Amino acid sequence: MPDTVSEETLLLVDPDLDFLDWATKHLAAKGLRILRCDDAGKAIKVIEKTKVNVVVAAVAIQPFDGMDLLGRIRTESPDTLVILTTGFPTTGQIIEATQRGAHDVLRKESLSFELRPVVESALQTVEDRRGAIPPTPELPSQDGRVKIIGVSRALQDVFKLVGRVARSDAPVLISGESGTGKELVAKAVHEYSPRRQQEMITINCGAIPENLLESELFGHEKGSFTGAIARRAGRFEQADGGTLFLDEIGDMPLSIQVKLLRVLQDGSFSRIGSNDMLKTDVRIVAATHKNLPSEVSAGRFREDLFYRLNVVELRIPPLRERPEDIPLLAEYFLQRITKKNGMARIRISSEASESLKDHHWPGNVRELENTIARACALATSQILLPADIPLASNPGRTSVLEHGLDEIINSAPSDTPMMAWLSRQVAGRLLDRSGGDLKATSIALGVDLAALKRMLSLND
1 MPDTVSEETL LLVDPDLDFL DWATKHLAAK GLRILRCDDA GKAIKVIEKT
51 KVNVVVAAVA IQPFDGMDLL GRIRTESPDT LVILTTGFPT TGQIIEATQR
101 GAHDVLRKES LSFELRPVVE SALQTVEDRR GAIPPTPELP SQDGRVKIIG
151 VSRALQDVFK LVGRVARSDA PVLISGESGT GKELVAKAVH EYSPRRQQEM
201 ITINCGAIPE NLLESELFGH EKGSFTGAIA RRAGRFEQAD GGTLFLDEIG
251 DMPLSIQVKL LRVLQDGSFS RIGSNDMLKT DVRIVAATHK NLPSEVSAGR
301 FREDLFYRLN VVELRIPPLR ERPEDIPLLA EYFLQRITKK NGMARIRISS
351 EASESLKDHH WPGNVRELEN TIARACALAT SQILLPADIP LASNPGRTSV
401 LEHGLDEIIN SAPSDTPMMA WLSRQVAGRL LDRSGGDLKA TSIALGVDLA
451 ALKRMLSLND
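As numbered in this note's numbering, residues 1 to 460 make up the sequence shown, in order.
These are computed hints drawn from the structure, not numbers from a lab. There's no promise every hint is true.
Here are the computed lysine to aspartate or glutamate pairs in the EDC-like style, where the Cα-Cα straight-line distance is at most 20 Å [stated by the list, open to error]:
(1) K339 / E369
(2) K108 / D38
(3) K42 / D18
(4) K222 / D276
(5) K25 / E7
(6) K108 / D39
(7) K147 / E199
(8) K357 / E177
(9) K290 / E248
(10) K259 / D276
(11) K25 / D38
(12) K279 / E199
Here are the computed distance ranges between Cβ atoms for each label pair [unchecked claim]:
(13) K340 / V311: 32 to 40 Å
(14) Q335 / T50: 43 to 51 Å
(15) D39 / N341: 40 to 48 Å
(16) S178 / E210: 16 to 24 Å
(17) S350 / V426: 40 to 48 Å
(18) R345 / K51: 50 to 58 Å
(19) K30 / A420: 54 to 62 Å
(20) A207 / D157: 26 to 34 Å
(21) K42 / Q124: 24 to 32 Å
(22) E321 / E127: 28 to 36 Å
(23) Q265 / S457: 29 to 37 Å
(24) V258 / A170: 15 to 23 Å
(25) R345 / D169: 41 to 49 Å
(26) S168 / R72: 20 to 28 Å
Here the structure is a predicted model, which means the values were calculated and not measured. Virtual Cβ for every residue (Gly too), placed ideally from N, Cα, C.
With the hints as constraints, model all of the structure from the sequences given.
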C-alpha cells in the first residue's frame, strides 16, 4: 500500500475468520488502520461510531447480506466507499451493486491479486475527493430479468458500466463481434433504467430494405406511397417513454441517418407523407459489429451521428478473450437444452471442457450455444467427451491471423489504395507504441525516415 495514504480507516467484514486474518496482513500499510468484524450488524455499529473510509464486505454475511449492508452504509455514511466480495456474482448483483453505489464487486477467488490494487484505488479516491463526494442515489432493487453468464473480469466490467449508465438517458453504443450478446446487454440497460416500466422496441437496421426502414422507424400517412392503405405509427412513436434498440446501426442507409440525427438532437420527426412535426421521448441504444470510425472515414456513416450515438460505448469482448466464461456458458446451455427437451441430465467431462476453452469461437456465444445443442442431439451417454462435441477444426494461430486480416480488409476505406492505407495504420500504431519516436519506428518497419513520413502523411 502506498505511503502517500495516511490516517485512513479500512473495515473488513466477512464471516470467515481465516480470510480476515489473511486480508489484514495482505493489506497492512503505514498510516492505514484496519478494523474487522464477522457480521453486518457489528459493521453498522462500527460505522456509527467511527469514521470509516473504505469497507470490504462479503455479500454472504449475517444477519443481513452485503447488498443490504451497502444500502445502510450509503445512508449512514455516504462518503464511505464499499467494495463487495462474492463467490460467483450474478449479472443482477453486479449491476444493482453498481447502481447502489458500490465502488467495486470482486470475486472471492480473484482477491489474492485484485484486492490490494482495488483497495489502493479506493483509498486514493478518498484522498482525491475528500470532502467532496456526492452521495449516489439509491435505486430500487431490480428483478434481474436479463441473465448474462460470465465471471471474467472483462464481462464484469461491462456489467458495472451498465449499472452506471442505465440510470441516465444518455445514448449508448454497444460494439462487439456478431454473436457476443449485444442485444442482451441492451436489454440490461433498459431493464435497470427508470424506463423499465415501458417497452423496449428492437429493430434490425440491416434486415429491412431502405424503402421500408424509414416507414418502420417514423411511420407514414395513408396514401403516402403505394401500399400505404392506412396511417401507421412508427417505432419512435411506439417506444415513446421507453427504449428503442437500433441493432446493426452500421447498416443504416445515409438517407435515414439524417432523419435519425434530428430525432437525437431534439426528439422531433415527421411521418412519411406528413408535414406535421411529432415529438417523442425515447432513449436510444444502438449496436454494431462494424468499426464505425472506419465507416465514418469511408463516408458510409455520418460523423455527427456517430458522436451523437457514442456518448457511452459498451464494448462486448469476444468469447476468445474470456475463456474462463466458456465452461459456465456451456453448462448453462446444456442444462437449458436438456430441460427444454425433457432429456436426462448430461454432464461435460473436464477434457471436453478444456477442448471448448481451446477453440477460437469465431461465432462467439451463439456458436457455442449451437455447438452444445448439436452435442446434446448426438449424445450417446450422459457424459460428453471431446469426441462427442462437433467442433470445427481449431483455427489456431494461422486462422486467427486470417480472421484479423479479414477484419482489416473489411474496415479499409474504398477510396484509398489498400497497401497505402495499411502501411499508414501499421506505421501509426508502431509510432504510438514507441511514444512518438520516429527513428525507432522507422527501424521497426525497416524503412528510412523519409519513407516513414510519407506513410504517415497519406491523405493528410
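Taking the hints in turn, this is what the structure says about them:
For the given pair, K339 sits about 15 Å from E369 by alpha-carbon distance, which is consistent with the 20 Å threshold. Of the pairs offered as hints, the one joining K108 and D38 holds, with about 16 Å between alpha carbons and a cut-off of 20 Å not exceeded. Taken as a hint, the K42 and D18 pair is honoured in the structure, with Cα atoms around 18 Å apart against an allowance of 20 Å. This hinted pair checks out: K222 and D276 have alpha carbons roughly 14 Å apart, not beyond 20 Å.
The suggested pairing of K25 with E7 holds, with an alpha-carbon distance near 18 Å, which does not exceed 20 Å. A distance of roughly 17 Å separates the Cα atoms of K108 and D39; the hinted pair therefore holds under the 20 Å criterion. Taken as a hint, the K147 and E199 pair is honoured in the structure, with Cα atoms around 18 Å apart against an allowance of 20 Å. Between K357 and E177, the direct Cα distance comes to roughly 18 Å. Compliance with the 20 Å bound is thereby established for this hinted pair.
For the suggested pair K290 and E248, the alpha carbons sit about 8 Å apart, so the restraint of at most 20 Å is met. The straight-line distance between the Cα atoms of K259 and D276 is roughly 14 Å, inside the 20 Å bound, and the hint therefore holds. In summary, the hint linking K25 to D38 is supported, as the alpha carbons are separated by about 17 Å, within the 20 Å threshold. The hinted pair formed by K279 and E199 meets the criterion: a straight-line CA distance of about 17 Å does not exceed 20 Å.
Our hint of 32 to 40 Å for K340 and V311 holds, since their Cβ atoms are close to 39 Å apart. Checking the proposed 43 to 51 Å range against Q335 and T50 shows it holds: the Cβ atoms sit about 46 Å from each other. A C-beta distance of roughly 45 Å is found between D39 and N341, which places it inside the suggested range of 40 to 48 Å. One distance hint, 16 to 24 Å for the beta-carbon pair S178 and E210, holds here, with the actual separation near 21 Å.
For the pair S350 and V426, the beta carbons lie near 41 Å from each other, so the given range of 40 to 48 Å is met. Distance hint check for R345 and K51: the Cβ-Cβ separation is about 53 Å, which falls inside the suggested range of 50 to 58 Å. The supplied range of 54 to 62 Å is met by K30 and A420, whose beta-carbon atoms lie about 57 Å from each other. For the hinted restraint 26 to 34 Å between A207 and D157, the CB-CB distance of approximately 30 Å keeps it satisfied.
K42 and Q124 have their C-beta atoms about 27 Å apart, which keeps the hinted 24 to 32 Å range intact. For the hinted restraint 28 to 36 Å between E321 and E127, the CB-CB distance of approximately 33 Å keeps it satisfied. Roughly 35 Å separates the CB atoms of Q265 and S457, a value that falls within the hinted 29 to 37 Å. In this structure the hint that V258 and A170 lie 15 to 23 Å apart at CB holds, the actual value being about 22 Å.
The given range of 41 to 49 Å is respected by R345 and D169, whose C-beta atoms sit roughly 45 Å from each other. Judged by the Cβ atoms, the range 20 to 28 Å given for S168 and R72 holds: they are separated by roughly 25 Å.
When held up to the earlier numbered hints, the structure conflicts with none and fits them all.
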